Amino acid sequence: MSSEEKSQLRPLILDIGSQNFRLGWAGDDFPDIIAPSIYVDNSDYLFTSDVIDGLEDIYITEKDAESYLFGHEALKYSNILKIHEFKKKGNLNIFAKYFYHHYKQLKITEENQFKQPIIIITPFYMSKLEKTKLQDIFFKIFDFPSIVFLSENQGVLAILQKNSGVVVNIGEVHTTITSFLHGFSNVMARDTYPISGKELTRYLLNLILTKKGSKESVYLDKTITKEIKDKLSLCILDPEGEIKRIKDGFTKYNRTIDLPDGKSLEINSERFLCVEPLFKPSLIHIDYVGLPEAVSRIIRFWDRENWEDLLPNIIIVGGTSLIPGLDNRLKFEISKYFSERIRDKINVIIVSGRKHVGWIGVSVIWAQGKLQKGWIQNPSHEISKQDQEIKESNQIKNKS
Amino acid sequence: MAVTVDLKQQFLTNFQNKIITARKLLYNANHKWASKLLDNLSLEIEKNDWLDAQKKHQLIMIISNSWWMYLNSLVKRKEGEVEIDLIRYIDAYKRFFSFLSKLDDFYLFNNFCTNLLKEFIKKEELSQKGITKFINSFSAKLYEREDYRKLFEIQILQIFLRKSVAPSEYFNLSMERLGKTLINLEPSKRALFLYILIESVCLKYKLMEDPVEFVKFINKILVNRLPSYLKNEFSNISRININERSFNTILVDLEDFIYYLNDISEYSWIITFIRGIFSKIQIYQSYGDAVTYIRKFIDFAINRNRFEMAFDIYDFLEDLFIYQSDLSYDNILIELWVEACRKFVDMKEKKYLLQSLEKLNHHLKFPKTNAQIFHYFYTCNIIWQFKSMFFSLEQRDFWRMMFYRALFEERNFKLAEKIIPYLDEDFNKVLTDLTILYNEVEALKKDIYKFNEYNDNLPLFHENYSIKQIILRINSIGIISYRMISVDDKIIEGFISNEYWNDSHLIAIYNELFYESKDRKFIFNLAEFGELLYIFLPKLIRDFFKSFKIESLNLIPQIYFILDNMTIPFDLIYDNNYFLLKYSIGYKIGETTLGGVAFEEISINTSAEEPLQKSFNMLIIESVNSKNPLRWNEYTKQKELIFPFQAGADELDYLVNFFNGRDEIDHITILIGANSTRENILSNLSKNMYHIIIFVGNIFYSKWNPKNSFFLTNDNNIITFNEINQILSKNGSKSQPFIFFNAQVYDIEGKKLRNTLRYFGEIVAQFDYNKITGIVSKNYPIFNDETKQIISDFFINLFNNNSQGVSLLKARQQSIANKMEKLIEEQVKDSISEMGTTHIDLRSSLAISSYLLFGKPWISLRKNQ
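Sequences listed follow chains A and B, in order.
Each residue of the first sequence is one higher than the one before, starting from 1 at the first, in this note's numbering.
Each residue of the second sequence is one higher than the one before, starting from 1 at the first, in this note's numbering.
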């Protein structure tokens with residue numbers, strides 16, 4: 001077996017994020033494929049008009065019809081077709097096509113196709129049913145030999161070489177808080193937090209339109225707002241004080257955004273106000289505690305003597321954690337929930353490349369050879385293995 | 001509120017930027033934002049109330065073209081195979097049609113939809129589901145716009161393509177509508193009506209070889225799906241048989257139909273009959289007969305104001321001619337649309353004129369042969385005339401027209417040569433030798449198409465017409481009217497009916513005369529500008545100037561221009577000599593009274609009489625603000641004048657000295673420096689004793705109300721022109737003063753205005769010319785020996801009992817004579833020194849054109865004593 005073939009039989013790590021899909025070889029530094037977790041349906045147009053109808057039927061003949069486009073290819077048509085997030089839709093048939101589309105891009109030789117073990121990174125809230133469905137896809141549709149489900153947070157801790165800590169994963173669709181103590185987790189000491197990146201985007205859109213609405217006509221959509229949020233949002237310690245300064249003529253936060261239609265948009269306080277729902281959910285009418293309190297509750301769930309192990313290791317990951325200043329603000333706010341004695345120990349850690357840290361972490365775990373347990377074998381392979389054994393024993397018998 | 005040029009410019013620049021942005025968005029597949037941007041843009045155009053119909057149409061066409069170009073860019077042809085990004089293509093088409101459907105004008109939507117439909121018909125495998133949906137959605141729009149003929153047409157087409165009737169609302173509606181028309185027809189003729197309608201679908205979309213078979217085919221499908229009220233009528237179709245023998249009888253019936261349908265206001269069906277008749281005549285007689293026959297229906301339609309029908313006929317003829325054309329420059333197609341334009345111009349029908357112009361422009365391809373070049377520019381000149389009556393004109397139109405007039409009408413090769421760079425770039429290559437071109441095409445002049453607008457040899461217009469006075473009126477719409485009287489009191493009057501005055505491009509060139517040469521876009525000197533101005537005059541006016549004769553040196557013809565806006569000094573017109581050196585010219589700005597302007601007796605012998613001694617009282621007002629107001633200059637670390645006017649101050653000194661030495665002046669009051677206060681000026685003006693008032697100073701122009709424009713007195717006060725006019729117009733005023741202005745004009749913000757003519761025109765239009773003799777203004781702030789001589793000669797002539805127009809003319813002539821003398825001296829010196837001749841552009845002197853007269857040129861100062 002050549003080394004290339006060997007490397008093609010390594011496990012594949014698959015991270016199905018709500019925002020991004022990551023696929024790559026275990027042991028590599030970075031996923032080979034990072035693609036948006038979206039697809040488009042060729043006939044599902046954003047613009048619906050009955051002015052002139054029938055063009056699809058006339059132009060798209062059956063042989064031309066390839067119903068779906070995935071990932072980056074789908075993104076090219078984001079202003080023409082409706083974008084669907086397969087994770088949100090829970091349509092596993094589409095997911096299977098999506099996976100296969102990207103699997104092909106790994107350029108695996110024909111004889112090695114579908115022979116790799118699969119490591120699937122899952123959030124803790126993934127139900128057993130969902131896991132079973134995924135298992136069915138990989139075993140029945142593609143016939144992979146084995147799979148293992150691994151928590152993203154384990155990967156995060158692995159990359160930081162820690163076995164205790166609180167992982168706050170603020171993604172675009174989900175936010176989770178998970179804690180580990182000496183490598184153990186507790187089902188009670190974790191939480192799904194109701195505010196994530198998309199709520200902040202919506203809030204930012206609201207802030208901009210409320211401010212500009214009466215003065216001038218500005219057209220914004222969520223895609224542009226998300227871009228504004230990703231590029232310009234920040235988190236500061238004293239938003240109210242800064243608002244006062246802005247009113248007095250402070251221009252540090254002023255930014256001009258050139259919109260696609262040639263108009264420009266001025267924003268200032270919106271840049272930091274859009275993050276505030278994380279600290280005050282009532283701003284977006286969500287009846288829940290702020291993220292710092294939610295984190296502190298998770299820590300408090302553990303015995304008091306363990307707090308000192310957890311507090312220095314509050315790790316923030318996920319796309320939304322990229323907002324500058326979020327770590328300082330969290331540290332500042334979390335400290336309010338602990339006594340002065342241990343306040344100094346609080347440390348919020350940000351990891352570089354934290355958008356993909358889960359995938360990288362799992363790759364490290366595999367490389368360290370720590371991923372021996374938990375593999376689920378493809379039943380059909382087991383049967384064929386048994387068949388083989390029976391055949392072999394029969395042959396021996398016959399010989400004798 | 002008047003819309004400023006700046007605002008218009010800003011709108012158009014903004015439009016241009018948005019179009020560029022939208023095109024970029026389209027090419028980046030960002031249809032959502034692009035269509036939003038383009039839709040908003042079209043909305044802005046539609047609601048704009050100062051853009052004229054043509055400009056709106058042009059801008060909408062730019063948007064439409066943006067979509068069209070993008071759609072075409074998506075079709076990529078590689079080695080005979082067509083590759084299309086269908087997702088983008090379909091979405092772009094949908095959005096494009098949505099945009100077109102929102103426009104007031106249905107023409108574009110209809111046209112693009114029909115063309116697409118024709119494309120679909122050619123497809124080998126056409127989705128029945130798709131074409132049904134397409135035709136039904138198109139039908140919905142046709143029904144909305146009440147185009148029932150087309151609705152019926154595409155429903156029949158749908159039946160043919162599907163080979164069955166699609167059970168849709170629009171099929172029923174089209175039948176219902178057809179039933180309503182049929183019921184108004186004589187029962188015996190209904191079958192023929194239906195036959196022609198169905199047959200026309202076959203002919204138009206080229207569906208089957210034999211139209212008779214087509215009618216049978218459709219009738220067979222329809223028979224079981226027709227509503228009861230139409231069954232009987234359709235069953236009779238099979239009895240119709242048109243052949244060579246029966247055609248003549250049927251032709252009479254068909255023609256009757258046309259008249260009848262027009263009488264019962266069902267004229268939208270008529271074009272179908274015309275097409276039907278054409279095809280029959282073409283088969284049974286000849287193509288030429290067919291064309292001649294249907295042409296007569298153009299006048300039928302135009303005379304009955306059925307413009308849409310007329311346009312349809314032209315459109316149909318275009319299709320026929322294109323079929324026979326090799327798609328290069330085609331005189332027949334061009335002349336067809338010129339004729340259409342002409343008809344719509346006559347009927348003042350803008351919508352179809354615009355569409356016809358569009359068609360004309362499309363066919364006006366780049367000419368290759370000399371005959372084509374002549375035909376091309378001749379047509380451009382006519383297009384200019386058409387457009388000038390209704391729309392704002394583009395620079396391209398302007399230069400093409402000017403080139404034609406310069407070369408082919410005026411034989412001004414030099415000027416034509418100078419115009420070539422302003423034509424489309426490719427003309428550089430074909431317009432190489434203008435003399436050869438002119439000589440080659442001269443014979444074609446008499447054969448080219450023309451309209452009988454006016455007879456070139458008007459009966460009154462003979463060589464012996466010795467001109468005495470001319471009044472030329474150009475109103476704000478641009479209508480030019482004229483009235484002229486000869487020495488023997490023969491009057492010619494009328495107005496130009498085929499062209500309106502539209503001088504915006506000429507103003508741009510005129511304004512550039514005052515720019516530094518590095519900033520200039522147009523390189524014309526003053527004389528060349530004068531030539532441009534001359535050829536810009538409608539041919540009839542030019543012909544007037546060419547053909548009348550000037551009686552004698554003693555009788556100087558007087559021209560009185562009555563303008564709504566003073567934009568260009570007509571004194572600068574140059575036809576081998578400047579008008580300002582030939583005619584006694586005066587201006588009136590604004591409306592005339594109901595009685596108009598009467599010709600007044602002028603004596604042939606106006607040569608100098610002995611002036612009365614000590615006759616005139618004179619008031620000189622200096623308001624050059626030479627002491628204040630001041631502002632701080634940080635660079636020079638000192639205060640400086642805000643409105644310095646050195647040339648004015650110099651001229652004032654000169655005038656004071658000049659008048660002090662004149663015997664004709666009885667009394668002279670000079671308000672200068674600190675004496676020139678508001679109070680002093682007003683009290684002196686109120687005395688009503690001055691025959692001549694000289695004003696030198698700074699004027700501030702109020703664009704909101706020119707009447708309230710003012711000048712700044714030396715005590716930092718203001719006096720408005722309204723106040724001055726009121727004082728001078730007071731009852732009992734007998735002096736009827738002559739006023740001389742030497743002024744710099746600023747706007748209210750204190751910005752110096754560059755070309756002050758229009759503003760100054762608006763200001764002087766406020767004066768009551770029955771109470772004053774006239775106004776002479778100086779337009780450029782220059783002061784040199786020439787201006788000194790002109791102004792002093794002018795007053796001397798005026799004192800010598802010359803009319804004010806003649807005084808100015810003689811002063812200008814004298815100035816030129818002196819200049820000539822110097823020039824000759826220079827040349828002699830040069831020839832002696834053998835250094836070659838020095839080129840002095842005698843004609844480009846600004847000084848001689850810097851004085852303009854407002855008021856009747858034939859009035860003299862003497863009368864007012």
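Treat the hints as calculated values from the structure; they're not laboratory data.
Mixed in with the good hints there might be a few duds.
According to the in silico footprint, chain A covers these stretches of chain B (three or more CB under 8 Å from chain A) [as the list claims (entries may be wrong)]:
id	region
1	12–21
2	53–61
Not close to chain B: a few residues of chain A, all C-beta gaps over 12 Å, as computed [what the hints assert, rightly or not]:
id	residue
3	ILE16
4	ASP29
5	TYR59
6	ASN206
7	ARG255
8	LEU259
9	ASP261
10	GLU276
It should be emphasised that the depicted structure is a prediction, and the values quoted were computed from it without experimental measurement.
Backbone N, C-alpha and C define an ideal beta-carbon position, used for all residues, glycine too.
Results for each hint:
1. 12–21: holds (count 3)
2. 53–61: Answer violated; 0 residues pass the 8 Å Cβ test.
3. ILE16: holds (26 Å)
4. ASP29: holds (33 Å)
5. TYR59: violated (5 Å)
6. ASN206: Check passes; 20 Å lies beyond 12 Å.
7. ARG255: holds (20 Å)
8. LEU259: Non-interface label fails for A:LEU259: nearest chain B Cβ at 8 Å, not farther than 12 Å.
9. ASP261: Non-interface label fails for A:ASP261: nearest chain B Cβ at 4 Å, not farther than 12 Å.
10. GLU276: holds (29 Å)
Hint violations for this structure: numbers 2, 5, 8 and 9, all remaining hints satisfied.
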